[in-house]
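**Student:** For the record, the sequence lines run as chains U and B.
Just so we're aligned: 91 in our numbering is position 88 of the first sequence, and the numbers increase by one with no gaps anywhere.
Just so we're aligned: 80 in our numbering is position 28 of the second sequence, and the numbers increase by one with no gaps anywhere.
Just so you know, the hints here were simulated from the structure itself, not pulled from any lab data.
Positions of the beta carbon are idealized from the N, C-alpha and C atoms, including for glycine.
Check each hint, because a few of them may be wrong.
Quick list of in silico lysine-lysine cross-link-like pairs, DSSO-like style, CA-CA up to 30 Å [claimed, not checked]:
| # | chain 1 | residue 1 | chain 2 | residue 2 |
| --- | --- | --- | --- | --- |
| 1 | U | K197 | U | K128 |
| 2 | U | K135 | U | K120 |
| 3 | U | K241 | U | K82 |
| 4 | B | K100 | U | K70 |
| 5 | U | K87 | B | K100 |
| 6 | U | K142 | B | K168 |
| 7 | B | K98 | B | K195 |
| 8 | U | K197 | U | K87 |
| 9 | B | K98 | U | K120 |
| 10 | U | K120 | B | K168 |
| 11 | B | K168 | U | K119 |
| 12 | B | K100 | U | K123 |
| 13 | U | K65 | B | K100 |
| 14 | U | K119 | B | K195 |
| 15 | U | K82 | B | K195 |
| 16 | B | K72 | U | K87 |
| 17 | B | K168 | U | K65 |
| 18 | U | K82 | B | K210 |
| 19 | U | K135 | B | K100 |
| 20 | B | K257 | U | K119 |
| 21 | U | K65 | B | K98 |
| 22 | U | K31 | B | K195 |
| 23 | B | K195 | U | K70 |
| 24 | B | K168 | U | K123 |
| 25 | B | K195 | U | K142 |
| 26 | B | K98 | U | K31 |
Partial pick of chain U residues on the chain B-facing surface, computed with a CB cut under 7 Å [said to hold, decoys possible]:
| # | residue |
| --- | --- |
| 27 | L63 |
| 28 | R89 |
| 29 | H98 |
| 30 | F102 |
| 31 | E117 |
The following label-pair restraints were derived from C-beta to C-beta distances [claimed, not checked]:
| # | chain 1 | residue 1 | chain 2 | residue 2 | range |
| --- | --- | --- | --- | --- | --- |
| 32 | B | D167 | U | N167 | 25 to 33 Å |
| 33 | B | R264 | U | I83 | 43 to 51 Å |
| 34 | U | M131 | B | D167 | 44 to 52 Å |
| 35 | B | S200 | U | E132 | 37 to 45 Å |
| 36 | B | I108 | U | P243 | 52 to 60 Å |
| 37 | U | G186 | B | V86 | 46 to 54 Å |
| 38 | B | T254 | U | E190 | 50 to 58 Å |
| 39 | U | N167 | B | H103 | 35 to 43 Å |
| 40 | B | G169 | U | K82 | 22 to 30 Å |
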Amino acid sequence: MENNMDNRAVKIDVTGLRKSFGHLEVLKGMDVQIREGEVVCLIGPSGSGKSTFLRCLNHLEKVTAGKVVVDGYDLTDRKININKVRENIGMVFQHFNLFPNLNVIENIMLAPVELKKMTKDEARKRGMELLKTVGLEEKAEVYPNNLSGGQKQRVAIARALAMNPDIMLFDEPTSALDPEMVGEVLEVMQNLAKEGMTMVVVTHEMGFAREVASRVIFMDEGVIVEEGTPQEVLLNPKQPRTIDFLNKVL
Amino acid sequence: MSFLELIRENGVYLVVAMGKTLELTFLSLVFASVIGLFFGLLNVSKAKILHTIANIYIDCIRGVPLIVLAFFVYFGIPMATGVRLSALTAGIISLSLNAGAYMAEIFRAGIQSIDKGQMEAARSLGLPYSTAMRRVVLPQAIKTMIPSIINQFIITLKDTSILSVIGFPELVKAGQIVIARNFETFKMWAIIAVMYLIVITTLSKIARALERRVSYGK
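Kindly produce the complete structure, drawing on both the sequences and the hints.
**Tutor:** Structure follows, in structure tokens:
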């Protein structure tokens, strides 16, 4: 399995990534390579820099030092067109961030139509297909405020997929959900993983990490403490900090 | 003369003047919205220089009384440039500049009241800043701004009275003209006050109904 992976194209190549907010250094030198089709789960205590790392991958956070190369585009290069790069990277947020002024299908159609990737009709058709895959076709004309948390997050995933991205970033996608809604969102993500989507997932769902991840990265205080297959990291952790963390959450 | 007689005699004239007052208010507020949107957007921009430009404008306008601005535009500018402005034009310019500064603050506050995640989500889809602002942030911001805009509309409507000093025939000027003829100072100002009261109360009622109607998902 690992050997097969090594032949695949590198989608995300991070070297020496550092990120500071003022005097506070959140990421203290991270090196990560993510290949096509990998599902990488980032775990670690809150404040460890997981979300910040994820947000550096689509330049929602400006990198302080180091290099972030996504799909061959160096995000630290000021001359690149970041919007073009982002079209290829979908992102799902903890708090969904659906646009409350637009209904569900309009949320999904907005980017493809505005960026002239599709006509309105094509975008609507594609949007309805995506809603079908997340099981929410009947909600197309509903406004986000009238959806449950789980439904909102599934729409958010559909919206991110509308641009047909190669990479999907998930920032604690189930942390703001009521427990009974976590499953429906994880299921959508699991299906996505099966289809071969390259995914980077910040999560506290150890079950999901164990079942779906091809690799688990444990972070603490802005560095990678341990990484490997779910079996290695979650079941046989070697670092004391990993063991300590897993004891607390499992 | 009784109130009824005064109204019968001057009613049409006063209503026409009220019409001019509303015309001036409405036009000024349209221009003020454009000015306010422009400087409000500068103000929320990350570029410090744009931010500074917006603040200079806002501070200058807020630091000068409207009556001084009106005198400056109506009397000062023609002196300096030789271009004569009508009282209406000068009035609209003064009121727009004035209300524009307050509208800029309303836009800034409105935009800043929208959760940062909205802009981030839009940008993460590959939308440029301007598109994200236009399609996602502003529509939501404007909704939250409606009460403040109503408030500004009422303030601007009342501020039109200041333009009586440059001879624009709005309601206060019209009242002065009538009083100069019939000396019914007490009753005439009472009538005019009630006219303002009726129009402003009605407008704020309409606006509040509008505000309720635009809530999402209803």
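**Student:** Each hint should be assessed against the structure and marked as holding or not.
**Tutor:** Now the hints, each set against the structure:
At roughly 23 Å between alpha-carbon atoms, K197/U and K128/U fall within 30 Å of each other, so this suggested pair holds. The straight-line distance between the Cα atoms of K135/U and K120/U is roughly 21 Å, inside the 30 Å bound, and the hint therefore holds. A distance of roughly 42 Å separates the Cα atoms of K241/U and K82/U; the hinted pair therefore is violated under the 30 Å criterion. Under the criterion of a C-alpha separation no larger than 30 Å, the hint pairing K100/B with K70/U is consistent with the structure, at around 27 Å.
A C-alpha spacing of about 26 Å is found between K87/U and K100/B, which places the hinted pair at or below 30 Å, so the restraint holds. Taken as a hint, the K142/U and K168/B pair is honoured in the structure, with Cα atoms around 26 Å apart against an allowance of 30 Å. For the hint linking K98/B to K195/B, the alpha-carbon distance of about 23 Å falls within 30 Å, and the restraint holds. The hinted pair formed by K197/U and K87/U meets the criterion: a straight-line CA distance of about 26 Å does not exceed 30 Å.
At roughly 29 Å between alpha-carbon atoms, K98/B and K120/U fall within 30 Å of each other, so this suggested pair holds. Using a Cα cut-off of 30 Å, the hinted pair K120/U and K168/B holds, with the two alpha carbons roughly 26 Å apart. Restraint check for K168/B and K119/U: satisfied, since their Cα atoms lie roughly 25 Å apart, inside the 30 Å limit. Taking the CA atoms of K100/B and K123/U, the gap is near 38 Å; set against the 30 Å cutoff, the hint is violated.
Simply put, K65/U and K100/B have alpha-carbon atoms about 17 Å apart, close enough for the 30 Å limit, and the pair holds. A hinted pair counts as satisfied when its Cα atoms are at most 30 Å apart, and K119/U with K195/B qualifies at roughly 27 Å. At roughly 36 Å between alpha-carbon atoms, K82/U and K195/B are farther apart than 30 Å, so this suggested pair is violated. Restraint check for K72/B and K87/U: the C-alpha separation of about 51 Å exceeds 30 Å, so the hint is violated.
For the hint linking K168/B to K65/U, the alpha-carbon distance of about 16 Å falls within 30 Å, and the restraint holds. Of the supplied pair hints, the one linking K82/U and K210/B is violated, its CA atoms being roughly 51 Å apart against a limit of 30 Å. Between K135/U and K100/B the alpha-carbon distance is near 46 Å, which puts this suggested pair outside the 30 Å criterion. Distance hint between K257/B and K119/U is unfulfilled; the C-alpha atoms sit about 42 Å from each other, more than 30 Å.
Distance hint between K65/U and K98/B is fulfilled; the C-alpha atoms sit about 13 Å from each other, no more than 30 Å. Taking the CA atoms of K31/U and K195/B, the gap is near 42 Å; set against the 30 Å cutoff, the hint is violated. For the given pair, K195/B sits about 41 Å from K70/U by alpha-carbon distance, which is inconsistent with the 30 Å threshold. The suggested pairing of K168/B with K123/U holds, with an alpha-carbon distance near 27 Å, which does not exceed 30 Å.
For the proposed pair K195/B and K142/U, the alpha carbon gap of about 24 Å is at most 30 Å, so the pair holds. Under the criterion of a C-alpha separation no larger than 30 Å, the hint pairing K98/B with K31/U is consistent with the structure, at around 26 Å. Because the beta carbon of L63/U sits about 6 Å from the nearest beta carbon in chain B, less than 7 Å, this interface hint is met. The restraint placing R89/U at the interface with chain B holds, with a minimum CB-CB distance near 4 Å, inside the 7 Å limit.
Interface hint status for H98/U: upheld, as the beta-carbon distance to the closest one in chain B is roughly 6 Å, under 7 Å. About 5 Å separates the beta-carbon of F102/U from the nearest beta-carbon of chain B, less than 7 Å, and the hint is met. Taken as an interface hint, E117/U checks out: its beta carbon lies about 5 Å from the nearest beta carbon of chain B, inside 7 Å. Checked against the given bound of 25 to 33 Å, the beta carbons of D167/B and N167/U, roughly 27 Å apart, stay inside it.
Taking 43 to 51 Å as the suggested C-beta distance range, the pair R264/B and I83/U conforms, at roughly 46 Å. For M131/U and D167/B, the hinted distance range of 44 to 52 Å is not satisfied, since their beta carbons lie about 28 Å from each other. Checking the proposed 37 to 45 Å range against S200/B and E132/U shows it holds: the Cβ atoms sit about 42 Å from each other. Checked against the given bound of 52 to 60 Å, the beta carbons of I108/B and P243/U, roughly 57 Å apart, stay inside it.
With their beta carbons about 50 Å apart, G186/U and V86/B fall inside the hinted range of 46 to 54 Å. Taking the beta carbon of each, T254/B and E190/U are about 55 Å apart, inside 50 to 58 Å as hinted. The hinted range of 35 to 43 Å is satisfied by N167/U and H103/B, whose Cβ atoms lie roughly 37 Å apart. Our hint of 22 to 30 Å for G169/B and K82/U holds, since their Cβ atoms are close to 28 Å apart.
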